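**Q** All chains, full assembly: derive it from the sequences and hints.
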Amino acid sequence: MNGSICRLCDIECGETARVLSLSDENLLKERLSDLGFTEGTVVECIMKSPLGDPTAFLIRGAVIALRRDNSKHIAVEVMS
Amino acid sequence: MKSDKKTVIALAGNPNVGKSTLFNELTGLHQHTGNWPGKTVAIAEGICKKNGRVYKLIDLPGTYSLSAHSAEEELARDFINSGESDAVVVVCDATCLERSLILALQIISMTNNVIVCINLMDEARKKGIVIDSRELSISLGVPVVETAARSRKGISSLLDCVDKLSEKGNEEEEKTELPTENFAAHAAEIAGRCISGNGTGYTKRARRIDKVLTSRAFGFPLMLFMLALIFWITIEGANYPSGALSKLFTSLEAPFFDFLLYLKLPDAVCRALVFGVWRVLSWVVAVMLPPMAIFFPLFTLLEDLGYLPRVAFNLDRAFRACSSCGKQSLTMCMGFGCNAAGVVGCRIIDSPRERIIAMLTNSFVPCNGRFPALITLIGIFFLRNTDSPFSSLFSALLLTLIILFGISATFAASKLLSKTFARGEPSSFALELPPYRRPQIVKVIIRSVFDRTLFVLGRAICISAPAGLIIWLLANTFLGGVSTLSYLAGLLYPFGKMMGLDGVILICFILGLPANEIILPLIIMTYTANGTLTELSDISSVARILSENGWTALTALNTMLFSLCHWPCATTLMTIKKESGSIKWTLLAALLPTAFGIAVCLLTRFISALF
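Protein sequence lines, in the order shown, are assigned to chains L and E. Counting from 1, one number per residue, gives the positions in the first sequence under my numbering. Counting from 1001, one number per residue, gives the positions in the second sequence under my numbering.
In case anyone wonders, no lab produced these hints; they're calculated from the structure. Predicted model, so just to flag it, every value in this text is computed and none were measured. Beta carbons: idealized from backbone N, C-alpha and C, even for Gly. Any given hint might turn out to be false.
To be verified - If we take Cβ atoms under 8 Å as the criterion, some of the chain L residues that face chain E in the derived model are: (1) LEU22; (2) ASP24; (3) ASN26; (4) ARG31; (5) SER33; (6) ASP34; (7) GLY36; (8) MET47; (9) GLY52; (10) LEU58; (11) ALA62; (12) VAL63; (13) ALA65; (14) ASN70.
What the hints assert, rightly or not - Below, simulated SDA-like cross-link-like pairs (lysine to any residue); rule was C-alpha separation at most 20 Å, straight line: (15) E:LYS1204 x L:GLU15; (16) E:LYS1168 x E:LYS1204; (17) L:LYS29 x E:HIS1069; (18) L:LYS29 x E:ASP1350; (19) E:LYS1211 x L:LYS29; (20) L:LYS72 x E:GLU1432; (21) L:LYS48 x E:ILE1209; (22) L:LYS48 x E:LEU1431; (23) E:LYS1050 x E:LYS1168; (24) L:LYS48 x E:ARG1208; (25) L:LYS48 x E:ARG1317.
Said to hold, decoys possible - Pair by pair, the computed Cβ-Cβ distance ranges are: (26) L:LEU28 x E:ILE1138: 27 to 37 Å; (27) L:CYS13 x E:PHE1220: 14 to 24 Å; (28) E:GLY1424 x L:CYS6: 26 to 36 Å; (29) E:ILE1598 x L:CYS6: 43 to 53 Å; (30) L:ARG18 x E:ILE1607: 24 to 34 Å; (31) L:VAL42 x E:PHE1218: 27 to 37 Å; (32) L:ASP24 x E:THR1420: 25 to 35 Å; (33) E:PRO1352 x L:ASN26: 14 to 24 Å.
**A** Set out below in structure tokens:
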């Protein structure tokens, strides 16, 4: 998996990834970058809700849960 | 600066950084929360005095940015831009500084007179995070103050810093060059320079706890267990104080009556005031106050602990299926205490469409006012042996089942609304799971009693006093040989029977509009043709009266179901009107659960007729 490129919603619990780009949907892009999801940011997938969605990510020291509908718009490079 | 002029301080910051704790520590109880004109966002204002100076504090809503995507962000941005404040204090979370700095940089780029306050320093130190605040101050070009608001550390140096800043006035000085965009990258760079130590805001322990609380195996059972536990504590704990309060009010009844006679008021007026207004009022207070005074602190404890966002996280998927969001589960939890409080709590939901859904469906979860009747009916009709030591536990279990029905109804109604009156796609959703924090028990109790309990009680009193008068008049005026109340019950009888209820139950639900807690006592009062509410302390006589009037297990079940699904109480409706600003939504809030209740009762009646 190391180095492979995928969407944020596809990484597994415990994996770390670096944000490559956000889709161009403007409002969503702004919202996500307000939360700290910007190019180059390192994100760790912490846990999934018991119902499978949303998923919680550790980003810049904060734990933030995103729905798949939103996290699929973030392209990442898996680090470990 | 003259001492009679107030220094205005605005507090800005991300949600969950202890901004409100700081605000509370600064202002004590000298604060009030009000809606700002044209906005539904609440802003708390408060006064703080130190060394003869007076500070006016404005607690802006917690936001992640000022890009005006939501009402909160717009309000915070407008206020900061308005220049009304002498200082803007950006409260940052020391355990999560990098993220907090994004907002701080945004605000610094918009206005002068910014102070960065790094709160939760004690917690950061415990977690092994070291922050170089001098370096941070140089990087940002603004003063930086370290605080630990929970233990009042750094508060006076924060005020000193405000003084220094406001004395300096608006002199232009050389500012550090800061970017006007790409705040996130810049925040990361500054954080890299100022933070050392090998600690992290999200500890290994929190990680382990989270794994359990949100696991497939334990997530939901633990949630149910917590819910049942809170109800059990509330119900058991409220018994004694409720009884004591009710005794107190009863003992005051005779002196009150004598006092009214002494004022030479006509006999009928005295009776109406004592047996109508006074009885209903004291009833509502005695039944409502103790459970709320227990429930709300417990709820606030879970809130402070950080457990509630995990509940929203666990349940979000289910709410998304109804085109709503997980935060609705928290407003539902608050609705258990009081639906009016739950409706106010809907402000935490960002999307206006989802907020309306949450407000309109809130009364499907039974509030404290409906518990006593539910528990009494469970005890009479569904428990074999009420003397068994496990009976209160078993009763809590049955109650949980009833509540699960209410929750299912909430889902169904939300789905229905999202397909009809509140159509739309689920909005984007981001939920922060804040670190677990040890709650401050004493402060939690004081705050929840003042913020929630007294607020709700005040409204209930205003409504139940006139209702008491109306009820007394109906019970003590006569039409065709029976009281007006019984006469009206007779008119409703055919309809009530169709729903597996009777006319008396229906008329009492209607008269119970001001407060749900008086419905069952009203029913007993009407059956016994008593002109006033009487104490239900003796459960066996209640059981006898009900069965003499033709109650079966089906009547009890349908009464409980209708109690869950009928129009919200007047206090809640008033609150919905205020929060939504629309008569249409308020009407729908009354019609929707009523239609549900009628349908469900017809259904159970139909099913039972098959056997």
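**Q** All hints are to be evaluated individually against the structure, with a verdict given for each.
**A** Verification of the hints:
no.: 1; hint: LEU22; result: violated, 11 Å
no.: 2; hint: ASP24; result: violated, 15 Å
no.: 3; hint: ASN26; result: violated, 11 Å
no.: 4; hint: ARG31; result: holds, 6 Å
no.: 5; hint: SER33; result: holds, 6 Å
no.: 6; hint: ASP34; result: holds, 4 Å
no.: 7; hint: GLY36; result: holds, 5 Å
no.: 8; hint: MET47; result: holds, 5 Å
no.: 9; hint: GLY52; result: holds, 6 Å
no.: 10; hint: LEU58; result: holds, 6 Å
no.: 11; hint: ALA62; result: holds, 5 Å
no.: 12; hint: VAL63; result: holds, 4 Å
no.: 13; hint: ALA65; result: holds, 4 Å
no.: 14; hint: ASN70; result: holds, 5 Å
no.: 15; hint: E:LYS1204 x L:GLU15; result: holds, 16 Å
no.: 16; hint: E:LYS1168 x E:LYS1204; result: violated, 45 Å
no.: 17; hint: L:LYS29 x E:HIS1069; result: holds, 12 Å
no.: 18; hint: L:LYS29 x E:ASP1350; result: holds, 17 Å
no.: 19; hint: E:LYS1211 x L:LYS29; result: violated, 29 Å
no.: 20; hint: L:LYS72 x E:GLU1432; result: holds, 18 Å
no.: 21; hint: L:LYS48 x E:ILE1209; result: holds, 14 Å
no.: 22; hint: L:LYS48 x E:LEU1431; result: holds, 13 Å
no.: 23; hint: E:LYS1050 x E:LYS1168; result: holds, 19 Å
no.: 24; hint: L:LYS48 x E:ARG1208; result: holds, 14 Å
no.: 25; hint: L:LYS48 x E:ARG1317; result: holds, 11 Å
no.: 26; hint: L:LEU28 x E:ILE1138: 27 to 37 Å; result: holds, 35 Å
no.: 27; hint: L:CYS13 x E:PHE1220: 14 to 24 Å; result: holds, 19 Å
no.: 28; hint: E:GLY1424 x L:CYS6: 26 to 36 Å; result: holds, 30 Å
no.: 29; hint: E:ILE1598 x L:CYS6: 43 to 53 Å; result: holds, 51 Å
no.: 30; hint: L:ARG18 x E:ILE1607: 24 to 34 Å; result: violated, 58 Å
no.: 31; hint: L:VAL42 x E:PHE1218: 27 to 37 Å; result: holds, 29 Å
no.: 32; hint: L:ASP24 x E:THR1420: 25 to 35 Å; result: holds, 33 Å
no.: 33; hint: E:PRO1352 x L:ASN26: 14 to 24 Å; result: holds, 20 Å
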